[in-house]
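*Asks:* The primary structure of each chain is shown beneath.
2 protein chains.
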Amino acid sequence: IQKENLKELQRLVDKLHPADIADLLESLPLEDRLLVWGLVRPEYDGDVLLEASDAIRETLITDMGAHELVAAAEQLDADEIADLAPDLPQDVMEDVFRSLPIAEREQLRAAMSYPEDAVGALMDFDVITVRENVRLEVVLRYLRRLEELPDHTDQLFVVDRNEHLKGVLLINKILVSDPEMLVADVMTKEMITLHPDDKAQDAAHAFERYDLVSASIIDHDKKLLGRVTVNTVIDFIQEKAEYDALNLAGLREEEDLFAPVLRSVRNRWVWLAINLVTAFIASRVIGLFEDSIEKLVALAALMPIIAGIGGNSGNQTITMIVRALALEQIKAGSAWKLIGKEIGVSVVNGLIWGGVVGLFTFAIYQNVELGLVMMLAMLLNLLLAALLGVLIPLTLRKLGRDPALGSSVMITAVTDSGGFFIFLSLATLFLL
Amino acid sequence: IQKENLKELQRLVDKLHPADIADLLESLPLEDRLLVWGLVRPEYDGDVLLEASDAIRETLITDMGAHELVAAAEQLDADEIADLAPDLPQDVMEDVFRSLPIAEREQLRAAMSYPEDAVGALMDFDVITVRENVRLEVVLRYLRRLEELPDHTDQLFVVDRNEHLKGVLLINKILVSDPEMLVADVMTKEMITLHPDDKAQDAAHAFERYDLVSASIIDHDKKLLGRVTVNTVIDFIQEKAEYDALNLAGLREEEDLFAPVLRSVRNRWVWLAINLVTAFIASRVIGLFEDSIEKLVALAALMPIIAGIGGNSGNQTITMIVRALALEQIKAGSAWKLIGKEIGVSVVNGLIWGGVVGLFTFAIYQNVELGLVMMLAMLLNLLLAALLGVLIPLTLRKLGRDPALGSSVMITAVTDSGGFFIFLSLATLFLL
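Protein sequences, first through last, are from chains A and B.
Residues in the first sequence are numbered consecutively from 871, following the numbering used here.
Residues in the second sequence are numbered consecutively from 871, following the numbering used here.
Looking at chain A on its own, in the form it has when it is part of the complex:
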């Protein structure tokens, strides 16, 4: 029966697209995953590795011999090998490198030289170039001889003899134009060009805004280096969104769902440690007021309300500001305007929610002064949250850091410790 099932499974795997195989592998516990991995057609190995997430890819590579890995890598283009390179053993990479034709070696070296968040890392070298002084008819004959065009070829690149980019010839334009016309008369000179050192994020914005399928990459002399295609951009956008989401939750990277326990612990410990430090600080702030709490124990039950709502409100502000920074919507002059607005919001919220909290406190403890202190503390903590909710991301940006990273932890630390301090010191001043 085992054998029957295996045959069935083999048939199933044979019918799947590499991307679907990668997905299937991610959803399987390690043992089953390696069983299925063994059934994948060797010619798909490279593509599946490419499509799999980092954590899964590692488990697959560990399972493969050096020979298999070299064979898998050789099926891929230079830019794709560059994506795999960080995960491949040194000796495998050397073998792969030696097996490549000279031109591709150059491409691989170029692709590996760019940082992960640069346009160069998204570059694809599969471009078709034409000269501007030929007729479309000649271009058509040339294309026919190629037998197949690279994926996502929506335009050909018009270059001079020094490979300098002169314009682009849209495929759709070729189809609707008279074959007797010259490339120079049909090509477009208005085009989006990227530099390999541009931020990948900016390329993604350009694709989104201008609805591109591909865009050229040129160096500072306008020499054509390669192109970026929309499928790579989609992958980049998805990975970026995922990375942000994971980071917000305090996970260092995406995790194999079935990773061994100790691996998961390693992926998660940094943020827990940071949070522990901020929790210790908050705890010591409360410790300062132990005398007050001993005299009026209701303070202990009420203080988390002030800290909690402050944290929430601060995170709302931070999210707004981080989004606006990512979209470059904040100009130098508008910081004060934004702080003004957020302070306005927190005054209104402070009065509304402070009032609710004050009434709640009065209802439970029958103590008017305690209710008023709650209301005032809430208002002040929301003001603190608003002010730092704007200032933390703006400062991180000014220091050249990613404002999305860590600003949520910081604001929560401030509104916790700050909230406890504000509430307990007001209570000590007015109630005891």
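I should point out that these hints are in silico values taken from the structure, not numbers from a laboratory.
In this text the structure is predicted, and so the values were computed from the model without any measurement.
Don't take every hint at face value.
As the list claims (entries may be wrong) - Which chain B residues face chain A? A few, computed with CB under 8 Å, are given here: (1) D1024; (2) F1077; (3) L1127; (4) L1172; (5) N1185.
The beta carbon of each residue, even a glycine, is placed where N, CA and C say it ideally should be.
The hints should help you fit chain B onto chain A, whose structure is shown.
*Replies:* Below, chain B without anything else, positioned relative to chain A:
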């Protein structure tokens, strides 16, 4: 001087792409925004409205007369008008509708009939169809007569006389094939087809996996209805990522950076109210133990540590599970395996961080039993976080809800109230 500046500004605006104008408008306070909006060429009005975010679009539409709005809408395709429709006044929509040719009226009605998260809402009607029994040469002549092809035309759709989809003819295939060949011999029958009722999320996955530029939409009889193109998919992915990020922070929708204070308050109040309720509950849990806190006031200073780290750890688990659910990686059988793994992680974390917290407590309060109670409470709260971090999203999914929505608030509520309860009751049992 004012006039000089206006002229300068007019020149600048005239050079911008509609998407860039929309971005510029978003970054300006209301008064300046309306000034620039007045300078935009009328023929760009429709595109700018389309590119602007909901909050900004509203401020622009409020500023326009009915005539201007009708004129702007008339420049757009039916599927684009459908995107604007919810924001347009009723009488404007009626005028627009009446001004459309019959065929486009049908398309507009169709486009407006699908829910926002369905493939139908992404549909574009600009398709080129050909018959399978003609030569490529004839197709080429036909295309040449069109003078311009719709954007993102990477394939033509091959249909029979009843508009039933038979296959697709890739543009790149036309270019490299002999013009004497028949469409039937060059077309591909293996193709991705979508249904208008499919989830837009699934279409996005398909584009990402199979590197598509466009895909056909057919009804259940295989009749061709329209297509989806990659630019729409990118917009969808971006909007989804943004929506998720805003929701996580407790913002109902994206906010105009310069919105009036009361508008922002309205956008943010729901989550603050929900959090206030959970904070009240946590406060009452502490209230149950006021006698214990009175006797040992250190408890008040220590309890936020237990609650805080529990919340962090629970959010890590939830993020993992929500991501895996979104990628359909969790099969029926794996829930128990996942719970087992997360419990393993929290036992290890509980022992490590519980130990650290216990030592910290001992160092400050010189009380061994208190340190042990802290350690045990930490361990138990992390276990609670792990268990519910898996169960909450799985349950939401089973109930047919989006597991990304609200699960973070729920886990925090559980680890706060639960953490206070576990710690304070252990302390009452063992220390007093």
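*Asks:* State for each hint whether it applies.
*Replies:* Do the hints match the structure? See the list:
The closest approach between the C-beta of D1024/B and any C-beta of chain A is roughly 7 Å, which is under the 8 Å cut-off, so the hint is satisfied. About 7 Å separates the beta-carbon of F1077/B from the nearest beta-carbon of chain A, less than 8 Å, and the hint is met. At its closest, the beta carbon of L1127/B sits 5 Å from a beta carbon of chain A; the interface hint therefore holds under the 8 Å criterion. Residue-level restraint check for L1172/B holds (minimum Cβ-Cβ distance to chain A is 6 Å; threshold 8 Å).
Proximity of N1185/B to chain A holds as hinted, the smallest CB-CB distance being about 5 Å (cut-off 8 Å).
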